[in-house]
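Make a model of the complete structure from these sequences and hints.
Quick mapping for you: the protein sequence lines, in order, are chains A and B.
Counting with the UniProt record's numbering, you get residues 1 to 170 for the letters of the first sequence.
Counting with the UniProt record's numbering, you get residues 1 to 348 for the letters of the second sequence.
Read the hints as simulated data drawn from the structure, not as lab findings.
Be careful, since some hints might not be right.
Using C-beta positions, here's what the derived DEER-type ranges look like [what the hints assert, rightly or not]:
no., chain 1, residue 1, chain 2, residue 2, range
1, B, E29, A, E55, 43 to 51 angstroms
2, B, T311, A, D49, 44 to 52 angstroms
3, A, R66, B, E188, 20 to 28 angstroms
4, A, C137, B, D3, 19 to 27 angstroms
5, A, G136, B, A185, 48 to 56 angstroms
6, B, E131, A, P51, 31 to 39 angstroms
7, B, K142, A, T144, 51 to 59 angstroms
8, A, D49, B, E123, 26 to 34 angstroms
9, B, L118, A, D49, 20 to 28 angstroms
10, A, G62, B, G167, 27 to 35 angstroms
11, A, E55, B, T338, 28 to 36 angstroms
12, A, D49, B, G167, 38 to 46 angstroms
27 angstroms max Cα-Cα, derived DSS-like pairs, lysine-lysine [to be verified]:
no., chain 1, residue 1, chain 2, residue 2
13, B, K210, B, K142
14, A, K151, A, K133
15, A, K151, B, K142
16, B, K210, B, K224
17, B, K9, A, K133
18, B, K142, B, K97
We put the beta carbon where it would ideally sit given N, CA and C, even for glycine.
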Amino acid sequence: MTHRDRFEAVYDAYYPAIHQYAARRTGSPDDTADVISETFLTAWRRIDDVPEGEEALLWLYGVARRVLANQQRGASRRAGLAERLRAELAADRPVRPVELEHVRAAFDELPERDREVLALACWEGLTSERIAKVVGCTAIAARTRLRRARKRLAAALERQASLTIAMGEA
Amino acid sequence: MSDIDNLVKAIDLAPHAPDQGPGARDLREAIMATQARPHRAAQRPPWRAGAIGLAAVAAGAAVFLGQVAPTAVPSPTSTSGGTALSGTSILLAAAAKAEAAPDGAYWHLKELYTHQRLWPYSENGITYRLETSELSERWVAKDGRTWTGFRELTARPLDMEAWRRDGSPTEWAKGKDPSPPFSAAPGEAMFFQNKKKHRLYWSAMPMTLKEIEALPADPEALKKRAIEAIRRDNGVGPDEDALPRTLANLLYALPASPQVRSAAYQALATLPAVRVEGPTTDPRGRPGIAVTFLIQGDRTPRIRLIIDPDTSKVLAVEGIVTPDGDSHVNVVLESGWTDTEPSPPSTE
Numbered sequence: 001m002t003h004r005d006r007f008e009a010v011y012d013a014y015y016p017a018i019h020q021y022a023a024r025r026t027g028s029p030d031d032t033a034d035v036i037s038e039t040f041l042t043a044w045r046r047i048d049d050v051p052e053g054e055e056a057l058l059w060l061y062g063v064a065r066r067v068l069a070n071q072q073r074g075a076s077r078r079a080g081l082a083e084r085l086r087a088e089l090a091a092d093r094p095v096r097p098v099e100l101e102h103v104r105a106a107f108d109e110l111p112e113r114d115r116e117v118l119a120l121a122c123w124e125g126l127t128s129e130r131i132a133k134v135v136g137c138t139a140i141a142a143r144t145r146l147r148r149a150r151k152r153l154a155a156a157l158e159r160q161a162s163l164t165i166a167m168g169e170a
Numbered sequence: 001m002s003d004i005d006n007l008v009k010a011i012d013l014a015p016h017a018p019d020q021g022p023g024a025r026d027l028r029e030a031i032m033a034t035q036a037r038p039h040r041a042a043q044r045p046p047w048r049a050g051a052i053g054l055a056a057v058a059a060g061a062a063v064f065l066g067q068v069a070p071t072a073v074p075s076p077t078s079t080s081g082g083t084a085l086s087g088t089s090i091l092l093a094a095a096a097k098a099e100a101a102p103d104g105a106y107w108h109l110k111e112l113y114t115h116q117r118l119w120p121y122s123e124n125g126i127t128y129r130l131e132t133s134e135l136s137e138r139w140v141a142k143d144g145r146t147w148t149g150f151r152e153l154t155a156r157p158l159d160m161e162a163w164r165r166d167g168s169p170t171e172w173a174k175g176k177d178p179s180p181p182f183s184a185a186p187g188e189a190m191f192f193q194n195k196k197k198h199r200l201y202w203s204a205m206p207m208t209l210k211e212i213e214a215l216p217a218d219p220e221a222l223k224k225r226a227i228e229a230i231r232r233d234n235g236v237g238p239d240e241d242a243l244p245r246t247l248a249n250l251l252y253a254l255p256a257s258p259q260v261r262s263a264a265y266q267a268l269a270t271l272p273a274v275r276v277e278g279p280t281t282d283p284r285g286r287p288g289i290a291v292t293f294l295i296q297g298d299r300t301p302r303i304r305l306i307i308d309p310d311t312s313k314v315l316a317v318e319g320i321v322t323p324d325g326d327s328h329v330n331v332v333l334e335s336g337w338t339d340t341e342p343s344p345p346s347t348e
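Next up, the structure:
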């Protein structure tokens with residue numbers, strides 16, 4: 001298998017997952033397109049480092065995570081690689097109705113560390129072992145972080161609920 | 001799964017896996033057309049060896065132009081006939097011609113993007129080159145509304161003998177990609193109005209029409225702004241490597257004023273590695289002058305501009321990218337103001 005075949009296989013297998021990962025964590029279609037293109041550009045340049053099998057997805061999540069954290073989107077944007085994808089994502093589409101706004105608000109107020117593990121567990125559907133590989137910590141640490149994050153979100157939602165009731169009574 | 005997990009799941013902003021659309025396929029192709037491994041600084045050509053600032057380069061242009069090392073870049077076409085100084089004068093002549101363009105309600109860019117690529121997926125084990133092309137259009141209204149159009153045009157084999165041995169197919173699957181194959185028949189037109197907040201990009205800088213119009217008309221000031229735009233994101237290569245493409249974008253790809261286009265031509269003329277290859281024709285047979293910029297360090301492909309020095313219009317922009325000779329060319333079919341309403345791309 002040449003490195004071209006390998007990259008095509010990785011891209012085709014994991015494009016939807018990386019697209020989703022980026023879309024969930026970016027505020028604009030431009031940013032989504034940038035994160036996708038920078039992540040796969042990195043994979044192309046380091047194709048020999050991409051692990052085999054399902055581990056490749058965790059590796060890609062790890063790259064996308066760093067791209068988001070460091071705002072490193074220059075190389076692919078500079079080369080104009082994702083112009084068409086960007087235009088496609090920017091197209092006028094019906095906006096999804098916002099439901100469960102109180103959950104979204106409570107989630108957004110959590111510390112970034114909490115949001116990260118909750119999102120990887122609930123949106124990407126990763127186990128704590130896999131979360132550990134993406135964020136670069138031990139499985140035990142990931143499990144602990146996840147447990148604490150759930151607790152904090154539950155507490156935030158309860159606070160919110162009592163506040164709502166208090167305001168309703170006033 | 002806990003109740004909390006279910007609540008978090010419910011606020012997932014992208015609950016459905018997207019299909020790989022044309023944009024995703026395009027991205028894959030574009031990424032694979034770049035070098036798989038970046039060149040390191042040690043491989044930079046000699047004219048970049050020291051910490052030579054752009055100002056120094058401009059001031060001593062003649063000296064540095066003599067030191068351009070063509071061996072340091074892939075050179076699929078001969079540059080032996082090129083002379084650097086006439087490159088500068090050609091660009092300065094074009095700068096002088098970049099006069100007031102006709103006005104209109106919409107700024108319109110229409111490009112024909114042609115890609116020559118190896119097609120290795122034949123069931124008969126036969127490999128040959130395919131030429132694929134697509135139309136890409138963009139409109140910008142004075143109030144900031146923007147539209148985008150795409151259409152895949154017909155693909156054709158470049159080696160007829162190998163194509164016949166392959167059984168003369170009229171469709172070519174894109175590898176394991178489940179999306180529609182390249183076809184000898186044109187694809188459907190895609191056309192849509194972009195969201196209100198959609199920005200035009202100058203390198204990494206999102207800009208409004210007003211901001212593009214307000215760019216400086218002084219070449220040195222414009223170069224500084226170009227570097228700022230490039231630096232908006234931390235790239236891997238030297239910022240100067242992106243200058244030729246970034247400045248060239250102002251000539252045809254963005255609604256810059258005639259004064260700014262003129263300044264962009266003048267700024268290009270000061271770049272250390274500009275060379276004129278001489279008279280040529282673009283892929284549509286239109287006569288022009290080919291100008292190249294040697295670039296090294298970033299994955300930026302080598303650029304060849306074909307310009308019409310009489311009108312200062314850019315006719316085509318070629319990039320020669322990969323070791324196996326994949327190449328692409330953007331033919332600029334329209335670039336300027338018009339009163340014609342935006343509409344889906346036709347087959348031509």
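Hints and how they fare:
no.	hint	verdict
1	B:E29 - A:E55: 43 to 51 angstroms	violated (26 angstroms)
2	B:T311 - A:D49: 44 to 52 angstroms	holds (49 angstroms)
3	A:R66 - B:E188: 20 to 28 angstroms	violated (37 angstroms)
4	A:C137 - B:D3: 19 to 27 angstroms	holds (26 angstroms)
5	A:G136 - B:A185: 48 to 56 angstroms	holds (49 angstroms)
6	B:E131 - A:P51: 31 to 39 angstroms	holds (36 angstroms)
7	B:K142 - A:T144: 51 to 59 angstroms	holds (57 angstroms)
8	A:D49 - B:E123: 26 to 34 angstroms	holds (33 angstroms)
9	B:L118 - A:D49: 20 to 28 angstroms	holds (25 angstroms)
10	A:G62 - B:G167: 27 to 35 angstroms	violated (44 angstroms)
11	A:E55 - B:T338: 28 to 36 angstroms	violated (52 angstroms)
12	A:D49 - B:G167: 38 to 46 angstroms	holds (40 angstroms)
13	B:K210 - B:K142	holds (9 angstroms)
14	A:K151 - A:K133	holds (23 angstroms)
15	A:K151 - B:K142	violated (52 angstroms)
16	B:K210 - B:K224	holds (19 angstroms)
17	B:K9 - A:K133	holds (21 angstroms)
18	B:K142 - B:K97	holds (25 angstroms)
Hint compliance for this structure: hints 1, 3, 10, 11 and 15 are not met, and every other hint is.
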